[in-house]
Amino acid sequence: MTLLHAQARLRDAATGELLGGAELAGRVSEAAKELADLPSGVLFLRVGLDLTSVLRYLGAFEAGRAVALLDPAQDREVLDGLVARFRPAAVLGIEDEPAPGYTRDWVREDADGVAPHPDLAVMLPTSGSTGNPKFVRLSRSAILANADAIAEVLGITSDEVAPTTLPLHYSYGMSVLNSHLRQGATVLLEGSGVVARPFWDAVTQYGVTSLAGVPYHYEMLRRLRFDPAKYPTLRTLTQAGGKLRSDLVSEFNDKMRAVGGQMFVMYGQTEAAPRMATVPSDRLAEKVGSAGPALPGGTFAIRDEAGNEIAEAGVAGEVVYRGPNVMMGYAESEAELALGDETGGVLVTGDLGYLDSDGFLYITGRLKRIGKVFGNRVNLDDLEQIVKGFGAAAAVPAGDKVVVFLDRAEKDTCKQAAKLLSETLHLHVTGFDVRPAEGFPQLPSGKIDYRSLEAQV
Amino acid sequence: MSLNDRLRGVFVDALQLDDSVDVENLKYRDIDEWDSVGHMALVAAIEDEFDVQFETEQVIDMSSFKVAVDMLKGLGAGE
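Protein chains in written order, with our numbering: chain Y, 1 to 457; chain H, 1 to 79.
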């Protein structure tokens, strides 16, 4: 079982180079061979939107070596912390001075290390990374099962050409790559993004057929007055990474249907490799606001506060997903790399929602204090901790951003706090709306009344 | 204030740049702050400051500070 279908192709938009067939397979085995002599342990791969990065990822997957995908722009300090905690066999895709205990090529000097569990294929960092991220452990079979289920519901064939609109260390970005390569489709490696001329030139030149985006991409596409009639090959849009507002779902669905295309709204979490649900395109108009039914092979259940499953449709509770794509568990240290499956295919999502009588899921909120910034999950309590040097803070979700109220702060202090959040979490500064407050509303218990704060944003 | 000075101010504010950044020679994706998210914030801020409305083609062609200056001149802004 492999990620790479015989017909799969990779196109590098920067050079125009197209790799496919025996040539691609050869390059992947070469990349795999380079990993053979490395000591025992997980691989760290700083993965960019370039051919070398993708060949290394595929090489590790084919060689059966567990690989953790990391943001190439991640701070050195955070990387050093991860290296110390997980003692990777090697760090690939880096040219800095090596960490202590590593050779100039970033190979661990000590040959002894914990052997990762044989089922472990890919590790992805959870967001909410306050400089101390943990990893989601995904098995080979979970990755493949999810790639196939996604391809089935989206109808991906070998004729598709999908550009990399999302980073590959982000679970949605990884799944676009996996689901297309598995079907023998083409993945276009493009790094400039939907707001830049080279991207749209590449869409036309290479006959791009689909775009994957999180809510902020759709805000950008709207601002750019995206018109699918101008791109005759581009007939599929997919959306995940947080709830897209209903008027935009309808607007893009209408635009795509008008040219004979389709729009898919989806739901997932990194812990599910990542896809759990997709609204069939032909039902989107009647199900706006829904995350869709569970993927083939998966099921949803809703639990009440006592932990019992709610059989009745329309009653909200915590969303529980069962399927072959659920993670093995988390890893916070090297020793945990050796762990086997700890979840039994059950993911307690922490999301609140209900199922309608057709089995379509509707997400209504979060159990935990979690927000989303441009599709990335952030722990709101962590945000408050990060800025505590500026004063008491209260963070609440606000669509694709978060609002952080800072007690009795000056405008300049708010700016500095936003900048610190941006730098610490590596997310764009405009995702953090830091506002001055005159104290916080309180509950009778004396705790901050977050609900009334949320109502203010 | 000259057009360049005003535009430099908009860049610094919208992208929250440090004093050390050489704004006038900046290109899209040269720095983390000017990524696709920053680009949209920047375009909106320039439109506000100069009271102009960019076309789609202009938004995706605005690949550097210098290009933005030329576009604004072309629109007769900042005079």
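Hints listed in this document are in silico derivations from the structure and should not be mistaken for laboratory results. Don't be surprised by glycine CBs; every beta carbon is placed ideally from N, CA and C. Treat the hints with caution; some may be incorrect.
For lysine to aspartate or glutamate, the following DMTMM-like pairs were computed, each having C-alpha atoms within a straight-line distance of at most 20 angstroms [stated by the list, open to error]:
1) Y:Lys-411 with Y:Glu-423
2) Y:Lys-419 with H:Asp-51
3) Y:Lys-411 with H:Asp-22
Partial pick of chain Y residues on the chain H-facing surface, computed with a CB cut under 10 angstroms [stated by the list, open to error]:
4) Val-195
5) Pro-198
6) His-217
7) Ala-229
8) Tyr-231
9) Arg-235
10) Asp-358
11) Tyr-362
12) Arg-366
13) Ile-370
14) Phe-374
15) Thr-413
16) Thr-424
17) His-428
18) Val-429
19) Gly-431
Against the structure, the hints:
1. Y:Lys-411 with Y:Glu-423: holds (19 angstroms)
2. Y:Lys-419 with H:Asp-51: violated (27 angstroms)
3. Y:Lys-411 with H:Asp-22: Distance of about 25 angstroms is beyond 20 angstroms: violated.
4. Val-195: Where the cut-off is 10 angstroms and the nearest Cβ of chain H is about 5 angstroms from Val-195 (chain Y), the hint holds.
5. Pro-198: holds (9 angstroms)
6. His-217: Hint on His-217 (chain Y): holds, closest Cβ of chain H at ~8 angstroms, below 10 angstroms.
7. Ala-229: violated (13 angstroms)
8. Tyr-231: violated (13 angstroms)
9. Arg-235: Result: violated, 20 angstroms to nearest chain H Cβ.
10. Asp-358: violated (36 angstroms)
11. Tyr-362: violated (28 angstroms)
12. Arg-366: violated (23 angstroms)
13. Ile-370: This interface hint is violated because 20 angstroms lies over the 10 angstroms limit.
14. Phe-374: holds (6 angstroms)
15. Thr-413: Check failed: Cβ of Thr-413 (chain Y) comes no nearer than 14 angstroms to chain H, outside 10 angstroms.
16. Thr-424: violated (13 angstroms)
17. His-428: holds (4 angstroms)
18. Val-429: holds (5 angstroms)
19. Gly-431: holds (7 angstroms)
Hint violations for this structure: numbers 2, 3, 7, 8, 9, 10, 11, 12, 13, 15, 16, all remaining hints satisfied.
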